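Asker: So you can see what is in the structure, the chains are spelled out below.
Protein chains: 2
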Amino acid sequence: MTARTLSEIGEFGLIARLAKGIHLQKNIIKGIGDDAAVLPFTKEKHLLFTTDLLCAGVHFSAKENGRLVGRKALACSLSDIAAMGGVATSAVVSIGLPKTCRLRYVEDIYRGMNGLAKEFCVSIVGGDTIQSPCLIVNVALLGEVERSHLVLRSGAKAGDKIFVTGPLGRSFPTKKHLSFTPRLSEARKLVQSFKPSAMIDISDGLAADLGHILQESEKSAILDVTSIPLSKDATLDNALFDGEDFELLFTTSAGVAKKLFGQNALKVFCIGEIVRGPRKLFLRDNRGYLKALKPKGYTHF
Amino acid sequence: MTARTLSEIGEFGLIARLAKGIHLQKNIIKGIGDDAAVLPFTKEKHLLFTTDLLCAGVHFSAKENGRLVGRKALACSLSDIAAMGGVATSAVVSIGLPKTCRLRYVEDIYRGMNGLAKEFCVSIVGGDTIQSPCLIVNVALLGEVERSHLVLRSGAKAGDKIFVTGPLGRSFPTKKHLSFTPRLSEARKLVQSFKPSAMIDISDGLAADLGHILQESEKSAILDVTSIPLSKDATLDNALFDGEDFELLFTTSAGVAKKLFGQNALKVFCIGEIVRGPRKLFLRDNRGYLKALKPKGYTHF
Chain A
1 MTARTLSEIG
11 EFGLIARLAK
21 GIHLQKNIIK
31 GIGDDAAVLP
41 FTKEKHLLFT
51 TDLLCAGVHF
61 SAKENGRLVG
71 RKALACSLSD
81 IAAMGGVATS
91 AVVSIGLPKT
101 CRLRYVEDIY
111 RGMNGLAKEF
121 CVSIVGGDTI
131 QSPCLIVNVA
141 LLGEVERSHL
151 VLRSGAKAGD
161 KIFVTGPLGR
171 SFPTKKHLSF
181 TPRLSEARKL
191 VQSFKPSAMI
201 DISDGLAADL
211 GHILQESEKS
221 AILDVTSIPL
231 SKDATLDNAL
241 FDGEDFELLF
251 TTSAGVAKKL
261 FGQNALKVFC
271 IGEIVRGPRK
281 LFLRDNRGYL
291 KALKPKGYTH
301 F
Chain B
302 MTARTLSEIG
312 EFGLIARLAK
322 GIHLQKNIIK
332 GIGDDAAVLP
342 FTKEKHLLFT
352 TDLLCAGVHF
362 SAKENGRLVG
372 RKALACSLSD
382 IAAMGGVATS
392 AVVSIGLPKT
402 CRLRYVEDIY
412 RGMNGLAKEF
422 CVSIVGGDTI
432 QSPCLIVNVA
442 LLGEVERSHL
452 VLRSGAKAGD
462 KIFVTGPLGR
472 SFPTKKHLSF
482 TPRLSEARKL
492 VQSFKPSAMI
502 DISDGLAADL
512 GHILQESEKS
522 AILDVTSIPL
532 SKDATLDNAL
542 FDGEDFELLF
552 TTSAGVAKKL
562 FGQNALKVFC
572 IGEIVRGPRK
582 LFLRDNRGYL
592 KALKPKGYTH
602 F
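Protein chains in written order, with my numbering: chain A, 1 to 301; chain B, 302 to 602.
Where hints are given, some of them may not hold.
Only pairs whose alpha carbons sit at most 16 Å apart, straight line, appear in this in silico EDC-like list of lysine to aspartate or glutamate [to be verified]:
1) 99(A) x 312(B)
2) 43(A) x 108(A)
3) 280(A) x 216(A)
4) 43(A) x 345(B)
5) 321(B) x 218(A)
6) 346(B) x 445(B)
7) 476(B) x 365(B)
8) 30(A) x 216(A)
9) 568(B) x 445(B)
10) 321(B) x 107(A)
11) 490(B) x 447(B)
12) 157(A) x 216(A)
13) 99(A) x 309(B)
14) 344(B) x 44(A)
15) 458(B) x 519(B)
16) 30(A) x 108(A)
17) 496(B) x 525(B)
18) 344(B) x 487(B)
19) 400(B) x 8(A)
20) 581(B) x 534(B)
21) 280(A) x 218(A)
22) 344(B) x 408(B)
23) 400(B) x 11(A)
24) 20(A) x 408(B)
25) 592(B) x 519(B)
26) 296(A) x 244(A)
27) 291(A) x 237(A)
28) 291(A) x 273(A)
29) 20(A) x 409(B)
30) 458(B) x 574(B)
Everything labelled a hint here was simulated from the structure, so no lab data went into it. All values reported here derive from a predicted model rather than from experimental measurement.
Kindly generate the complete structure, drawing on both the sequences and the hints.
Answerer: Here it is, written out as structure tokens:
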């Protein structure tokens, strides 16, 4: 039977289905299917291009502080540029506002966004402001990355170690999802000194986002249960499935991994390894037993 | 008294207020305040960057054909790139879908968008798909333009003639707003052969969009009532205030205007002239009498 509803096909089924027929010129380096698109730019650099849509009641409470809403809208896109190993440059911002929205609230959204833009030297260069039934913020962001420093989801090799940049789980109840620092400076240190083979930011949850790396790299992975760093009061399930942690998840060769262990400049946690085979995910408990895991996580449908 | 609500300050008051405090790196050629942002790119070219947010019930009926919705979402952004004299290259698409949305409807949105993307050699390189209370489509679009061909809103000079590329008014009832062809090929002919001094696309209405050129160029204008081309069944008021015509409105020197009159490659209508003085708009009737006109038009608040 053909799927008819969005919940039958799911968010990632939908994206895969839509991506199939989509128009792409030949010069595009990477289109749909990574944290940001990769486009031709200069001799030394690629251009990065990403978009994130946030909606009240889905990504933040309709009563949430405006500054935090604006901050998060830009931070999500910054996190995408970080996941490619890049530096963010310019953003355009679309805002849909309910008729009853107070001017001060809109100004707060911009203030929150602008504060983070300053912090990361990003210019807000344009936008679109409309009336809409619910509060919506879309940030489209450009970045750039040296050709030699670009990291895709597709580069993980068997034998690579898997790392995350911070503890995971309970990002919503702790409000980390509103106040997290996008890992741009960590990403730059990584690509400059530690050559990650694959990278993604954790927005849908560790299991789902590692699943994306496995999908694109055509590999499997083993996660060591006891090595996964948990946020305060978070369970293993929270870490695996909650999403919106916005930490970086990356892989490196075993050789580079050793260098990462012996340094203090960058706080990272080794949580497992890449193995051969097609897109399977296993948990290894403290006795060494393996258990298969579905790469589920947050999905919109 | 300080404005407290969006309707007190209005859409353009809001944009001006938000733009004031916004963060901008020094290398940005043009930020907020034109049809697209202008960013440094190569030795010969600038990069163009624009975003358009469309929402069901505002920009299209919630029951509208999906293909036309997708087509319009991309067409609006293409029109922005045309207004800068540029060529469109890559788009990222954010879609917010109500839970009850049928899969076929979403696919239709993409089909409509994709058809137009092919026609204008634009790559759809990424996106974001979320659940939201109402149907939302945001297209962020990149383009490029030779440095010598860039046209801003700010270049109109006293004595310049004012042109539009097609008849105006009643775009909503006639559904032109869903099916219009963005004037990219006309824009390229114009910048290559006729050096417009200022250009904008008519989205808010002739009076409001000419108002934007006058604002940025610090000039005034006289429109000849009898020369304004009207769409079928449209009144002068429809042409002046309806909006969503997506024709190009541009100015050229009187010398270039003569060349435009004597050619057939490009259908344009001369509708008035730029005069000295600060941001005033006049209508001239068939007896030569002048009447001041407020540059009002469609506004979201």
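Asker: Hint by hint, where does the structure go against what was stated? Just the numbers, ascending.
Answerer: As far as the earlier hints go, 2, 5, 9, 16, 17, 18, 20, 22, 25 are violated by this structure, in ascending order.
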